[in-house]
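Given next are the chains, with one letter for each unit.
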Amino acid sequence: MRHHWTTMGTEASIVGSDLTAAVIAEVERGFADVDARFSLYRPDSELSRVAAGSLRLDDASDDLRGAYARALAWRARTDGAFTAHRPDGVVDLSGVVKALAMADAAALLDAGSRDWQLGVGGDLCWSAGGTSGPFGIVDPADRSAVLAAVVPAASRRALATSGSAERGEHIWTRLDLPVSPFVQVSVLADDIVTADVLATAIVAGGEATLDLATERWDVDVLTVDRAGELRATPGMRAAIRSAAPVG
Amino acid sequence: MRTRAILGSALAAFSILAIGWEAGTSNGTLATTTTTDTGGTASGTTGTGSSSSSSSNTTDSGSTSGSDSSSSTTSTSGAADGTYSGSVESTRFGDVQVQVTISGGAITDVTALKLTDHDGRSVQISNRAAPILRQEVLASQSANVQMVGGATYTSEAYLSSLQSALDQAGF
Amino acid sequence: MTATLPHVAATPEVTRSAPTIDAGRRRRLQRRRLASDLLVMAFWASGAAAAALYLASGGLADWTSAGGIVTGVGILAGLIGTDFVLVMLVLAARIPVLDAVVGHDRAMAVHRRLGKPALYLLLAHGALLLIGYALTAQLDLVAQFVQLWELPDMPLAFLAIGLFVAVVVTSLVAVRRKLPYEFWYGVHLLSYAAVLTALPHQLSVGGVLAEGTVQRVYWIGLYIVAIGSIVVFRVAEPIVSSLRHRMRVERVEWIAPDVASLHLTGRRLDLLGARGGQYFFWRFWSGRTWWHAHPISLSAEPTARRARITVRVLGEGTRRMTRVAPGTPVSFSGPFGLFTDAARTSPRLAIVAAGIGVTPVRALLESGDLAHGEATILLRGSTDDAVFLADELRELAGRRGARLFRSVGPRGATGGWLSAADRARGVTIRSIFPELAQSDLYICGPQAWTDAVVADARAAGVHEDRIHTERFDW
Chain A
1 MRHHWTTMGT EASIVGSDLT AAVIAEVERG FADVDARFSL YRPDSELSRV AAGSLRLDDA
61 SDDLRGAYAR ALAWRARTDG AFTAHRPDGV VDLSGVVKAL AMADAAALLD AGSRDWQLGV
121 GGDLCWSAGG TSGPFGIVDP ADRSAVLAAV VPAASRRALA TSGSAERGEH IWTRLDLPVS
181 PFVQVSVLAD DIVTADVLAT AIVAGGEATL DLATERWDVD VLTVDRAGEL RATPGMRAAI
241 RSAAPVG
Chain B
1 MRTRAILGSA LAAFSILAIG WEAGTSNGTL ATTTTTDTGG TASGTTGTGS SSSSSSNTTD
61 SGSTSGSDSS SSTTSTSGAA DGTYSGSVES TRFGDVQVQV TISGGAITDV TALKLTDHDG
121 RSVQISNRAA PILRQEVLAS QSANVQMVGG ATYTSEAYLS SLQSALDQAG F
Chain C
1 MTATLPHVAA TPEVTRSAPT IDAGRRRRLQ RRRLASDLLV MAFWASGAAA AALYLASGGL
61 ADWTSAGGIV TGVGILAGLI GTDFVLVMLV LAARIPVLDA VVGHDRAMAV HRRLGKPALY
121 LLLAHGALLL IGYALTAQLD LVAQFVQLWE LPDMPLAFLA IGLFVAVVVT SLVAVRRKLP
181 YEFWYGVHLL SYAAVLTALP HQLSVGGVLA EGTVQRVYWI GLYIVAIGSI VVFRVAEPIV
241 SSLRHRMRVE RVEWIAPDVA SLHLTGRRLD LLGARGGQYF FWRFWSGRTW WHAHPISLSA
301 EPTARRARIT VRVLGEGTRR MTRVAPGTPV SFSGPFGLFT DAARTSPRLA IVAAGIGVTP
361 VRALLESGDL AHGEATILLR GSTDDAVFLA DELRELAGRR GARLFRSVGP RGATGGWLSA
421 ADRARGVTIR SIFPELAQSD LYICGPQAWT DAVVADARAA GVHEDRIHTE RFDW
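Protein chains in written order, with the UniProt record's numbering: chain A, 1 to 247; chain B, 1 to 171; chain C, 1 to 474.
No lab work stands behind these hints, which were simulated from the structure alone. One or more hints might be untrue.
Said to hold, decoys possible - Listed below are several chain B residues computed to face chain C (Cβ distance under 7 Å; list not exhaustive):
id, residue
1, Arg4
2, Ala5
3, Gly8
4, Ser9
5, Ala12
6, Ile16
7, Trp21
8, Ala23
9, Gly24
10, Leu138
11, Ala139
Claimed, not checked - From chain B, some residues computed to sit far from chain C (all C-beta separations above 12 Å):
id, residue
12, Ala13
13, Ser15
14, Leu17
15, Thr25
16, Asp81
17, Asn127
18, Ser142
19, Ser161
20, Leu162
Just so you know, even glycine gets a beta-carbon here, dropped at the ideal spot from N, CA and C.
Bound-form chain A, shown alone (with noise of 0.2 Å):
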């Protein structure tokens, strides 16, 4: 069956053949709950009020501090290209929240389906041991077709993608650097967390990051660059090859 609602100021869906009613009403709870709590585009969510200055970080709960914690340690492992705030100052928690959102989901779609598909606002993840694709990859130039599918290796549970043309967009080019050469970067890997976190970092950071990531994490990363021009990872061209209907 296949489930689809809107949270977060975007679209998700929920694709398995054994889901019930009472998982998929958990999941949309779970998202409701990250969805007032950290949202910016609610002035009442807990966020709002810490970017407002009504409420110091300190004080803030333990899972906003979590988050935030979770935030800045990734800023830290991608040498500043993931980052907890916007230009601004604000501390922006979107770039984890979504995602961390998305594993809490994971967790409780695992203990409820043996055989399912989340989609959130273009970042998907998926059981282990079940169908694991074929899933499309969105052509930036054309976002009504696929600009390639992909098979992922047996590991890989999530694949995160991530663009700087895209309006609303949570990615803010960092001024120090060269303006990113990529117009969407997606990543797979083992959890949605690494996935997200490292797609939004390649786009800010550019060909510094991408090196970095594919270096020390292990993922398989698809970029497109302004030319149009493809790059990927061993992994992420057997995905693709493996994707293909002949041959």
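We have chain A already, so just place chains B and C on it with the hints.
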């Protein structure tokens, strides 16, 4: 220690080091003497790719993506099947060397042989992102996908997206 | 037939007709020499191979800047240092072939000598890479350290170097003497953890050993050989032979206030393959002794059902061993030791033993290859009580036509390896063993004393190949 052991050790150590040295330096010379042939075949086949910008660019695909190995090589028509190594090129992103496999007149694989990162440190090449041709991803486009990933969908963008079509088809 | 020590040096070319050197023995010696030379070559070759891995990966191409050179030297240090550590594992694995060629005690002497160089190389590896990377990236050392720390598997690598430091420091002679054996042993076991925790960063961060390279295959092979030899020869083989022979303690017999013979029973002990004079690592499965294996010689040639070892209480471990209850199961690995007539190259046999070192001597006298009248034995003890198994040896020497001397009494302030009184009478190694030039000299006793005998023997012109020693101060 006996003289035989000393002499033998010195000889063994020297030979092994010499072999290592030879292997290390011959990689470079081997690569610079072989020619890569991507010109004739690549431009013809990639014209079918979805992005028009790629077909005009393929002969020096590296220069935009960090490896201009093929641009420096001679171009002959009628490529023979085989695996070709490009020369080591210095780019602003570090040293790059690309290997191209040609089969049946078409490029079937492009892999990075040697790469250094932006600050000159030689890095593990196994997981580097290397140029991939539109033609290579083309075949996968016809796969019957389950879900579509893309840069963050806002609600408006979603309506015109592929994922929207899939979701609707699912009901 | 213990005789008074002769103190007039006999002229070398005296009395008995010297039998010709056995051609079989000579061949055996030459084979062993070749094998031991090949081992030395293999060691240096493996070190060179570690460096060659780097050269083959084209590492020298990076030697264009100061940072590149420092980084390159650091990588070389890491490869060679790790190679040394793996060689140390192989040396400590108690591989029978290695023991037959150079002897386990000499293999362990090399093992000990490699410890410090290996550690220095690994420390240099860490320091040079930190400096080299910092130079290249133009970072300060602290920032570079943080960056290194965040690379995959690097925390494990830092843990490994910490463990190596702990293992080597606790093994320094000065430090080890002050530590209880148990503590040293416990720390030493961590070296396995160090070797294993060091591996992930070599494979994930190390460019030389990248996936799909010959270098990676070689390196993993090296690890498999080193770890595999430990697993096979220190774990699997002892288990198999212990299960096969099912040894148990029959009784403990005190033969001196601090010396006890442990009588063991088992199945088909004549098939142990032990020659007289060889030793085994014994492990007694009682609550207080199971964790520590002791190297002890057989003090009598084993029969089908019985074997005997004799131990001197030197520390807490040996004391506990003498207190095990009859029926305690015993596991073992061995036999080890070149202290057998297999190592002989000469027609005559000269034996010098001190203290508990007499145990392999007894077994040596019992072995079948000894010809009548071939051997001369000197036993050394500070008091009469300290010459163990004297009665047994006297009886055996009589049967095998061996001459048996004793040198009893304190060594005195001037040192030397004989009693002060005997030395004052003009007793020397040549006066005891007039046929020293045609003899194999077997020396068995504490290290310092053994060294003194060896020095004397060398001064008397005994060829290195004819001096056989066994350390008995473990």
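Ala5 (chain B) as an interface hint toward chain C, with CB separation required under 7 Å: It holds, given that the least Cβ distance between Ala5 (chain B) and chain C is near 4 Å, below 7 Å.
Looking at Ser161 (chain B) again, its CB stays over 12 Å from all of chain C? With a cut-off of 12 Å, Ser161 (chain B) remains clear of chain C, as the shortest Cβ separation is near 35 Å.
Please verify that the nearest CB of chain C lies beyond 12 Å from Ser142 (chain B)'s CB. At about 31 Å from chain C, Ser142 (chain B) clears the 12 Å cut-off, so the statement holds.
So, Leu138 (chain B) near chain C? Judge it on the closest CB pair being under 7 Å. Leu138 (chain B) check fails; min Cβ-Cβ to chain C is 27 Å, beyond 7 Å.
Whether Leu162 (chain B) stays farther than 12 Å from all C-beta atoms of chain C, as the label says: 35 Å, holds
Hint check: is the beta carbon of Gly24 (chain B) less than 7 Å from a beta carbon of chain C? Status holds, d = 4 Å.
Agreement of hint Ser9 (chain B) with chain C interface, Cβ distance less than 7 Å: Where the cut-off is 7 Å and the nearest Cβ of chain C is about 4 Å from Ser9 (chain B), the hint holds.
Just want to verify: Ser15 (chain B) was marked as not at the interface with chain C; is every Cβ pair farther apart than 12 Å? Contrary to the label, Ser15 (chain B) does not stay out of reach of chain C, its closest Cβ about 8 Å off (not over 12 Å).
Would the non-interface assignment of Asp81 (chain B) survive a Cβ cutoff of 12 Å against chain C? Given that every Cβ of chain C is farther than 12 Å from that of Asp81 (chain B), nearest at about 22 Å, it holds.
Taking the closest pair, is the beta carbon of Thr25 (chain B) still more than 12 Å from chain C? 7 Å, violated
Tell me if the interface restraint on Ala139 (chain B) is satisfied: Cβ within less than 7 Å of some Cβ in chain C. 25 Å, violated
Are all C-beta atoms of chain C more than 12 Å from that of Ala13 (chain B)? Violated, because the least Cβ-Cβ distance between Ala13 (chain B) and chain C comes to about 4 Å, which does not exceed 12 Å.
When the structure is compared with the earlier hints, violations turn up for hints 10, 11, 12, 13, 14, 15, 17 and for no others.
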